[in-house]
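Which chain is which? The protein sequence lines are A and B, in order.
Per UniProt numbering, residue 1 is the first one in the first sequence, and the count goes up by one each step.
Per UniProt numbering, residue 1 is the first one in the second sequence, and the count goes up by one each step.
Certain hints may be false.
Each pair may be met inside one copy or between any two copies, as identical chains are not told apart.
To be verified - Calculated lysine to aspartate or glutamate pairs in the EDC-like style (CA-CA distance at most 20 Å, straight line):
| no. | residue 1 | residue 2 |
| --- | --- | --- |
| 1 | Lys-269 | Glu-300 |
| 2 | Lys-128 | Glu-343 |
| 3 | Lys-269 | Asp-398 |
| 4 | Lys-269 | Asp-440 |
| 5 | Lys-128 | Asp-118 |
| 6 | Lys-269 | Asp-366 |
| 7 | Lys-269 | Glu-248 |
| 8 | Lys-269 | Glu-192 |
| 9 | Lys-128 | Asp-398 |
| 10 | Lys-269 | Asp-399 |
| 11 | Lys-128 | Asp-368 |
| 12 | Lys-269 | Asp-30 |
| 13 | Lys-269 | Asp-302 |
| 14 | Lys-269 | Glu-31 |
| 15 | Lys-269 | Glu-61 |
| 16 | Lys-269 | Glu-185 |
Please keep in mind that the hints were generated in silico from the structure rather than gathered at the bench.
Number of protein chains: 2
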Amino acid sequence: MTELRSNRGPLRVAVLGCGSVGSQVVRLLDESAVDLAARIGVPIELAGVAVRRLDAPREVEVPDGLLTTDALELVSRPDVDLVIETIGGIEPARSLILTALESGKSVVSANKALIAEDGATLFEAAEKAGRDFYFEAAVAAAIPILRPLRESLAGDRVTRVMGIVNGTTNFILDKMDTLGSGFAETLEEAQELGYAEADPTADVEGFDAAAKIAILASIAFHTRVTAADVHREGITEVTSSDVRSAAEIGSVVKLLGIAELVSTGSHDKDAVSVRVHPAMIPRSHPLASVRGPFNAVFVECDAADQLMFYGRGAGGAPTASAVLGDLVTVARHLLSGTTGAGESAYAAREVLPMGQTRTKYHVAIDVDDRAGVLAAVANAFADHDVSIQTVRQEGRGDDAQLVVVSHSATDAQLSATVEQLRGMEIVREVTSVMRVEGGDDE
Amino acid sequence: MTELRSNRGPLRVAVLGCGSVGSQVVRLLDESAVDLAARIGVPIELAGVAVRRLDAPREVEVPDGLLTTDALELVSRPDVDLVIETIGGIEPARSLILTALESGKSVVSANKALIAEDGATLFEAAEKAGRDFYFEAAVAAAIPILRPLRESLAGDRVTRVMGIVNGTTNFILDKMDTLGSGFAETLEEAQELGYAEADPTADVEGFDAAAKIAILASIAFHTRVTAADVHREGITEVTSSDVRSAAEIGSVVKLLGIAELVSTGSHDKDAVSVRVHPAMIPRSHPLASVRGPFNAVFVECDAADQLMFYGRGAGGAPTASAVLGDLVTVARHLLSGTTGAGESAYAAREVLPMGQTRTKYHVAIDVDDRAGVLAAVANAFADHDVSIQTVRQEGRGDDAQLVVVSHSATDAQLSATVEQLRGMEIVREVTSVMRVEGGDDE
Ligand SMILES: NC(=O)c1ccc[n+]([C@@H]2O[C@H](COP(=O)([O-])OP(=O)(O)OC[C@H]3O[C@@H](n4cnc5c(N)ncnc54)[C@H](OP(=O)(O)O)[C@@H]3O)[C@@H](O)[C@H]2O)c1
Ligand SMILES: NC(=O)c1ccc[n+]([C@@H]2O[C@H](COP(=O)([O-])OP(=O)(O)OC[C@H]3O[C@@H](n4cnc5c(N)ncnc54)[C@H](OP(=O)(O)O)[C@@H]3O)[C@@H](O)[C@H]2O)c1
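Isolated chain A (complex conformation) (with noise of 0.2 Å):
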């Protein structure tokens, strides 16, 4: 392990950039100084703030001399000991980061993109240089979440995590929800109140929440889970109708970033499913009630069963929050000489494909208003093996339709049935296809 610079003076932090989340933080180490002191045990400055361009206009008074373009030079210097990274995306963060741990900083970031990458790199150089390497931010902003899947978690067992991430998804679809519009009118609005960016593909494709929730599953699963292995459907295609028919069954559509371990006989060889797409879930349960930019990860466990976990998933003070927790938490490891207990991937448990994930599904058609319609439908699933929950016949004549919610079945099985259901003479239109969940399991 490199020998720590000091360990009685300050220590010296470096911010890489100085953006939304960088200038809270700097706001932040100054507003904060003398509580930061009194809870690390020695007082924290400021040794640089690295940008992109010196004359920006900040949110927050950088001390002069401090701003500096040449992140490379500040994240070596040896009079800095720790170091938190908030410019985001790959390159130059990587770099940046691995030069950092190398030269025995301790590294704070809040850069889902990257861990969700390649954080297996990271913790490895983490591991190599003894010190630190922290993410709280990365996941839902200012919600205690990866701390307490780690450590409060760490005698339990963790069966599924079950997250809204997203804030501008959640935004969009409860206003969906409560005004009854469409996707492509809401997303406007959500950008108008800017909730929403101007380029929303990362949101609203669920790019952000699969990082998020490929983060969550290596932690719940002991297993390294990437970005790739997460399979991901947006809410772009989801349509008032999508909307109108959940509320018809009681429920509400989220965008949902779930993480479950998939029974395979044995405890120790479970595999794990990991997915982002829409789904209807009960009005009655807990993430139901997250509204507009509030996130919240629902955690079901053996012996803890059920938890949930609320709050602001994102803006720059609230990141700043997580952040500063997380250079609490290694400043201390830095003076006493230690680190926190780093990667756990020693489960290394499979991830399945989605074709072999099971879920249920709510399918809502319009049919011709006639005898044998029911039958002739509900031969369709069976075909297919995908056998039926309940099944509600509404409206007569020209409003006739059937909502079904199956069991759980594969995506083949749905997809094949579907098409089976277009194909019938007596359906005019299959309207709403969506995954259900949050209620039993089967």
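Let chain A serve as the given structure and place chain B with the ligands on it in line with the hints.
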């Protein structure tokens, strides 16, 4: 620091108590042995289980020869590295924990009563011994709340902690809300269903919640707070009329443990108010939908904003989950020759007497139905400097009622107001007086 017995072989753990919690700890130590070993780095071995009666029926089979009634001998044994205390109460739990720490063992405890009464003695003993004393299970059982407050939020300023931390009272109030029944009959039902003890005093009088909020306050505000510092009102006086009144203003009645910073002008001199009492909270508040035996802790911070932690606040297995989470942490520390952060009481804030704590009140008053009533009632509030936020007139004739929600005022101001109201000729009865929480602050 006492040297570790061995830092390569298995770690040996003694469990004190084998009741609801202890038996589940013993079961999980066995069933999760493989995972615990992987997560800690070495296997955990059960060294002994101390009980009062050797021949009592147990929920778990304790391996031959491990049961003992000599707890003191067990915690002093040189071949024991870690001690888990699940006996409860003050003595002999305190002496056993102190002896364990003095003999160089790290200790995990679920004992809220002891920690809320005399935590300081235990924290100091741990500090002196260079060992850990962890107690996540003592507050809200399975819900990770102490570790997040202590670590995840260490870089933030917590301003308020508000919790439903007693399942029995939550179950009773919930039933009173949904069934419209009174306290006494609902308590009886809860006892029949096993949700309330034969002697329900600790729960319904708020003692259990007071111990938990004292512990939460200490950690959130870095200040020593004991159960004796907590202003405590139980739910025995809550009437079905209170619950109905709450429903009429879109609220529910919950027994809340509340710890909050009270501004005194400058942050570093802020005082703390710590109390347990029933209160009306809006149905839209995240705590309002916490039902039955579930618990939740709502936390407000400067940077992280609002957070909520939800889960099972009682039960053998959920409590054991929290105990084992702590066990993994303290075991890792023992192996790496370090300890966790220990007590943090540097802020040493003043704990305000209830008389100086300001809260809002809901007051329902049966009045004569005649002109001038509203003005007379408003005057009674004004006479004691209690300003009114909303007033609503309901019913006519014999059913005429005024419902007042005040702005925040002290207990003294309110008691004087209610006394004056009761003496007024036009007031037939003051039917409900209850605090209002979870809305805006003034
Ligand atoms: N915003 C959130 O709500 C949130 C929540 C959770 C996690 N995160 C994560 O936090 C990280 C930062 O997000 P953000 O919203 O703060 O991003 P941002 O506002 O775009 O800020 C990025 C900062 O990095 C700087 N930067 C970019 N390239 C650089 C380079 N090559 N060298 C040095 N500095 C460089 C930029 O400098 P200039 O200012 O000079 O352009 C800017 O200050 C991301 O990983 C994100 O995923 C964000
Ligand atoms: N139960 C919960 O849901 C819950 C939740 C959170 C925290 N806790 C806390 O966990 C602790 C244990 O609660 P519990 O519900 O498990 O209590 P419990 O069921 O009454 O069990 C207490 C155990 O301690 C043993 N014991 C009592 N006096 C002893 C002595 N002098 N020496 C050795 N053993 C002794 C008893 O032995 P015998 O079996 O021989 O009588 C029994 O096994 C308490 O501090 C409680 O506040 C409980």
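* To do: Up to 20 Å between alpha-carbons, please classify Lys-128 paired with Asp-398: within, between, both or neither.
  => This pair counts as neither: shortest intra-copy Cα distance 68 Å, inter-copy 80 Å.
Exercise. 20 Å Cα cut-off: does Lys-128 pair with Glu-343 within a copy, between copies, both or neither?
Worked result: within (12 Å within a copy, 31 Å between copies)
query: How do Lys-269 and Glu-248 come out at 20 Å by Cα distance, when the copy is not named: within, between, both, or neither?
result: Answer is neither: 39 Å inside a copy and 54 Å across each miss the 20 Å cutoff.
Homo-oligomer pair classification [Glu-31, Lys-269; C-alpha up to 20 Å]:
between (49 Å within a copy, 16 Å between copies)
- How would you classify Lys-128 and Asp-118 at a CA-CA limit of 20 Å: within, between, both, or neither? The answer is within: 16 Å in one copy meets 20 Å, while 42 Å across copies does not.
Item to check | Intra- versus inter-subunit Cα pairing at 20 Å for Lys-269 with Asp-440 | outcome: neither (23 Å within a copy, 51 Å between copies)
Regarding Lys-269 and Asp-302, is the shortest C-alpha distance of 20 Å or less found within a copy, between copies, in both, or in neither?
Classified as within: same-chain Cα gap 16 Å, cross-chain 44 Å, threshold 20 Å.
If the cutoff is 20 Å on CA atoms, where do Lys-269 and Glu-61 land: within, between, both or neither? Let me know, please. Neither: 53 Å inside a copy, 27 Å across copies.
- Under a CA distance limit of 20 Å, which applies to Lys-269 and Glu-192: within one copy, between copies, both, or neither? neither (48 Å within a copy, 42 Å between copies)
Worksheet item: At most 20 Å between C-alpha atoms: does Lys-269 with Asp-399 qualify within a copy, between copies, both, or neither?
Response: neither (49 Å within a copy, 67 Å between copies)
- Item | Identical-chain pair category, Lys-269 with Asp-398, by Cα at 20 Å | neither (51 Å within a copy, 71 Å between copies)
Check your understanding: With identical chains treated as interchangeable, where does the CA-CA distance between Lys-269 and Asp-30 reach 20 Å or less: within a copy, between copies, both, or neither?
Key -> between (49 Å within a copy, 19 Å between copies)
Checked against the numbered hints above, the structure violates hints 3, 4, 6, 7, 8, 9, 10, 11, 15 and 16; every other hint is satisfied.
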